[in-house]
Amino acid sequence: MTALRDILSQGAQMLLVLLLAPLLTGFVRKVKARLLRRRGPPLVQPYRDLVRLMRKDVVLADNASWLFRVIPYLMFAGTWVAASLVPTFGNGLLFSGTADLIAIIALLGSARFFQALAGMDVGTAFGGIGSSREVMIATLAEPAILITVFAVAMIAGSTQLSNVAEFMGSDAVGLRVSLGMAFVALTIVALAENARIPVDNPATHLELTMVHEAMVLEYSGRHLALIDLSSQLKLLLYVSLIACVFLPWGTATADASVATLAFGALLYFGKLAVLGFLLALFETSIAKMRVFRIPEFLGAALMLALLATLLRFVSGSL
Amino acid sequence: MISVALWSVALLLALAPVGIVLSSYPRGSAVLYGACLVVTAALCVTALLHLLDSAHPVLSATLPIGLPWLGAHFRLDALSAFFLVVINLGGAAASLFALGYGAHEESPGRVLPFYPAYLAGMNTVVLANDAFSFLVAWEFMSLTSWALVVSHHREAENIRAGYVYLLMASFGTLVLLLAFGLLASGAGYDFDAIRASHPSAALAGMVVILVLLGAGSKAGVVPLHAWLPLAHPAAPSHVSALMSGVMTKVAVYGFVRIVFDLLPEPEWWWSMVVLLVGGPTATLGVLYALMQRDIKRVLAYSTIENIGIIFTGLGLALAFKAQGLDWVAALAFTAAMLHVFNHALFKSLLFFGAGAVLEATGARDMEKLGGLIHRMPRTAFAMLVGCVAISALPPFNGFVSEWLTFQAILLSPQLPSWGLKLAIPAVGGLLALAAAFAAACFVKLYGISFLGRPRTDVAASAHETDRFSLAAMFALAALCLVAGILPGLFIDALAPVSKAMVGNVMPHQTGLEWLTIVPIAESRSSYNGLLVFLFVALCGTAAASAIHRLASDRLRRAPAWDCGYPDPDPTIQYSASSFSQPIRRVFGSVIFAAREIGEMPPPSSPLPARLKVELHDLIWDALYAPIATIIGFATERINTLQFLTIRRYLTLVFGALIVLLLVVAL
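Residue numbers (my numbering), protein chains in the order written: chain A, 1 to 318; chain B, 1001 to 1666.
Just chain B, same shape as in the assembly (with noise of 0.2 angstroms):
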């Protein structure tokens, strides 16, 4: 199994070369695209395979590369297994999806090359065995990432988004680096050695900070999210859909590998720090989202939102682990592992269709669009499917990974520790906040861009995307139903995963009547999405036939009504900041520093009056904004440096080496 996975690694590595070449040909992106599919689809079913596997073998492999004298060690088990599925699932889709969409890129030379070697990059971050692989992985994952973001450089936006996304990778892989060699002083860097070292309690916890630092930067917990925003929308929409739905997954990958398989067991105030940066990740990710009119930064910030909610679930998982009971923190990992799962799956799904709308209008600005869903009938269709997915709603995925983390949290007055008692209702909170404004948010999105009358003219002349993308679409969105009501298959199949993160399991889902989930007790909680969806879909068509047939089933079209005062103009619709006005005044005023500034002319001036909205990101504002300072006027005195005349720099040199001849002989 692992030499197929290692195989379809060095088969995507191989392909990078290729699309160098293939990006003259005409149908080179399709023959790119097609291979990729071929060997995602063949190692998701490898990986899946590896999962299902009853055995659950733990597989190994060490290749004569990398260090000379370490080699690079490799190793399939429950965790990467699951983690391959999610990465090739998202790829798979994502090519197939690029069959269709890829065609239209203007430049395809700057993407066909690193497309192929960024699958191969996350696949090795998952499969790597020891620090310098991971790392090296990594790095070539968020290099070629970077690559894909910068691939349309023409816009100025693009180059800044690259820019502060290569920064803050480097930032990222820097402090993973400073974890690892903390880890390896007392073993070494293979993860075996890792594992069966025992590192005293203090260092254990620096590397738990490190941890959250290094993955939670690439994963975009708050507040080192602010280059997922910039970077994300920037590459092409199939990358888009990959960096968002599966690369932060990879970042959520390198957390649960260190934390909860490298590390001992956990002490309770790690879950603490994790808890405390997930809850407000959620909340303020959603709430960052609500304010956007970008149809893909909407879409990014969201994605923020549901690492947080995943991190909760981690959270509340050592929480519980630490206390001992782990068949409590069994429910918490279970539930952030299904909602990385289902998150990749809609996640992908709305950038696909944000891609479509992209490529049929041209227009990323929501207030440019409207009435999509008459021009693009199937997009529209399966956009309103993810939609309802990602804001948490039954019968959908969506809900049943925040039902199950909503469980886990019920579970918490049995944990001991007085901080925890008293910080896991304000998470709960922040999440049920989360909630209700992840719903906000997409119905703003889905109202604004596809409901409504056409804004613009390229709104009104849109057409329906390629049946390519229309069939990635529709194969996650049927996916994204069948997790919301069959969710025990799926926890039942990860069931290996918790076992060897956990040390327990969710009690066996499927055999139970009627197919309900019950995560601890029936007396205590049970959900079953496949009665809900049927007893929604049976009581609505008896209700429609009941009424048309005894009733009235007549129709007639007339224009609206809107009471009495019906316009013409498009314009007279809500747009996306006006849908958000009551939301930012009551909670953007404090977050955002939110304020409306009317402009009213003097009286008799031709001047239009003006009403303008100042949003401040204080994030920024009070973190990023001074550290760029600093570094700036650093970089201004240091910069004299670089016209010295040869004498000086000898000095330099000269004096340089005293210093390090005095530390060594120190």
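Here chain A stands alone, though its shape is the one from the complex (with noise of 0.2 angstroms):
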């Protein structure tokens, strides 16, 4: 009884994420254009644009290597599996021994590399600029995030998701400098890995400065829907990840009863919502930088994330 409850908590996971992952995106585009006192695309826009994508005819270019066609898919399974692993309106997931956090960013990190590795494989000018800015940006984003997950580790005393929103929901924790800093580096490196303003600007094509855009742009149809679907998990990912360690309250136990499994989610879609305005409004009031200033923005987040797991080296209690 309690096994088929687990896989059914897990499965219903791995369908919420992915139904409402493009949810998500509407969401913050409805709101930015909303800010900027446009009408803005309906909710379900991005829904209708992944069923559109998906339904066309590939255009693959003529030297594209099997490599290419098989990306899309590796990206999404990646992503997908990493983003079923964050807990979203409850504690406990059945495989959530399968991946910790660092094996989660890892996880991320090869969904990362080959998106990279499909920027180079036509051999076009403007996928080489793509891929060879992502990793630079990832140099920098990489490190400050598994030095964040140091610190929320050390604090928590794991490095396993469901242990570590536990904690944080538990009164063990307290008011620490060390969280609100890796809290501030969690959400810069947020910001530059799902491409959003000001490192990359997810609305524009035919920008000189483009980072993500640039290394999709041969892709077409089906795949494309699939690297447009793996962006909006992966966004989902972050903001559940900032929600589940820094905004644990409500988040249902392992053992909890249906009313508090419901109740949870509507917390965690609340979560969601408010975070959501948040990067909204975050993003409309602020401009994009310049390539060559994203390291100092990054740099700040890789700074913050050393203080914070040095100050839980001097004392216990910072």
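No lab work stands behind these hints: they were computed from the structure.
You may find that some hints are simply not true.
[As the list claims (entries may be wrong)] Per the computed footprint, the stretches of chain A lying under chain B, defined by three or more beta-carbons under 8 angstroms from a beta-carbon of chain B, are:
(1) 78-87
(2) 94-101
(3) 112-120
(4) 145-156
Glycine included, every Cβ here is placed at the ideal spot set by N, Cα and C.
Fit chain to chain and form the complex, with the hints in mind.
In structure tokens form, the structure reads like this:
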């Protein structure tokens, strides 16, 4: 009975993140449009785009290799698995032991590795520029998030996300300086990883500073749909991660009743809405940076994370 | 068991003179490499059986060779058995690869005799149980590998590489000799006697520093790495694989044997020294790798990075062992040993791939390659596995050992020492940086040479390599995956090594639910490569079949889009230097004093505009160049002594005698 419940709960979360991811992106776009006093596309527009792209033919560049065709599926699978290992409305997922926080980050790293390769496969100048800048950003963002994970894991005494969330929800945490620093660092990294303003602009095409869009320029049809869906899943993953580590209230525990689960789910939607709104607000109030300003922005995240870790080493209560 | 090992070494030694004879026959190299394959495979299996033997016997043997009153002592324990597995697995793979690759050798007489001797040398180092045999085997390994480095002696670059290598190898042996001299002062040369003796703390500390210099120079720790990226690429590719994948591990063995086994309980500052060497080695090594254009040189620099990761693991193990936290020491030590094994696998694989590319195109410079995934699909697939594995990405093996190292770092707040409290987070940050750089570096290596469009005619007309080379590459690629998804098996196999060196073992892994690995406790951390692999594979295929069935599976080929500006010229693609330009600008301006100089000719001049990039190896400039200048200056002065008359020589000899007599008298 419990095994069945666990499998159902895990399956429900996998489906939930998949279905929710385009909605979150649509919501952020809608809020951004409203803040700019535009009407904006309807909330369901990302779903429509995905369906439209899936139905279209793939137009493949003449010299694209087999790797170019496999990569969208690899990226999608990697990101989906990573996203479904982050607790959303309930802790104690059946497969939460499969990968801890470090492994989830590394899974996203695998997806990025392949995406950068895809940018170089056709042999165009735009693909190269995208990949080259993406790995430059990654060389700063990845250490920053790893060290943030170190800081959080040392406070919680675990890298297992379910346990971290449980610890953060308990009274043992208290108010800590290091957690505040880790929160800022994680937010900066999340902006960079999801190609948001000020690091990259998700809405543009044909701009010399673009990174993510340049890498996927040669993709079309179902391949492009999968890549778009992966980016949406990644955004949801980071928002859920911030929610589960820094806003852990109301997350249902492993043996919760259906009512608490439902309450947890409601709260989770609320957290997503709040964080999505904040993201839109931030994006509309700041300008995009030049590419070579990004290292300074991400370097700040790296330093904050390192400082948070050092504080933890210096004193157990900071 | 130990007699099998010693007989195998003797066989390999005997194969060396046979190699001279065989080198004049057309099928000779195949015969020799076949024989090496059989011997190393047998030795690998023997050592593996010894390692897995649940009684963990320690076998020893004494041969009446070597120093007359001492004899040559040999010993086979868990540590030597593990390193024998690594050496001979690498040796067998290299021999299999060379069955095909070796046929293209232009002057086999310069390679065949030294190859088995080199293998024998490495095996003897890990079997030796007294300082004399150890040093003789160590020097034999260095000299035979030097002979292999200069086997393509017509290229001036290789001669220089050989010269620098010889100097550094002599330095390393000299320092090790001093270390053993200190150790032997109270006990003698026999390792068993050294183990039983109790050197003072100061003496033991000096030995640690000397061993770090001696073994570290062989392994390539920064700043003693300068020879490595010159020498490893210069050798034939299967030898490069052995040097990078295996010989650096023999150096790690030397360090572990002396510091963890022969010396008494460690002190905390030893670990500080090792960590402060290991962390920067990892980050700097891979940053250097990112700046290179030559495939084999990228791989050689990346070896330095991995050695840094291994030494960081060993440093952590020392730190925890010094504080009596031997259960964490076991975790860090196992992580380091697992990385030794993993790096031997993927670095050999990558060097084989580089060799196949070199053989197919004649080019090592990435900017002459491109699009090889179409011309060499199988090599490209194996290389892809190697690149993902070395970038520490799940579900392959490189990730597991780095993950374990991170887990050990996360336990370090338990250490009482303040120095370590501040150093370990910094080292953790350096490792995280190194991991991210490694991914960037291998995106570049793979993307520039295997993807895109061919940049030259040789790349466009490349052909797939032979089946022996492919077999070697695919065997290693398969092992990379197996070690990545079933790491528990490998961790358990390392238990006797960890037990013998740090006095404790990691919790038993096989038999846990779903084959998850749990380094400390389930509530703390766990990872399951098998499930990650299965989930990703399942989700990917499910998505593919669902989309193909329900939505669309049509596909058209068309010219590349490239934002509306496609250009048929392949030079329009990103090159190796342009790919690393952003990273060079962000990190290189300090570390390499990198500068970009644009030369714009005056208007109406027909000269082309040029963009030059200047990179400096600051370590070479600051450390090696002054030493070379001093030595050059001194030799210039002493050179006059060569042209003296006989009377003056006699006076010199007489003077020297007087001085010596005075010294003796005083």
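Going down the list of hints, with the structure as the test:
Counting residues of the region 78-87 of chain A whose C-beta lies closer than 8 angstroms to any C-beta of chain B gives 3; at least three are required, and the coverage claim holds. With 5 residues having a Cβ less than 8 angstroms from any Cβ of chain B, the region 94-101 of chain A passes the three-residue criterion, so the hint holds. For the region 112-120 of chain A, the proposed coverage by chain B is satisfied: 6 residues have a C-beta within less than 8 angstroms of a C-beta in that chain, meeting the threshold of three. Counting residues of the region 145-156 of chain A whose beta carbon lies closer than 8 angstroms to any beta carbon of chain B gives 5, which reaches the threshold of three, so the coverage claim holds.
The structure fails none of the hints (numbered hints given earlier).
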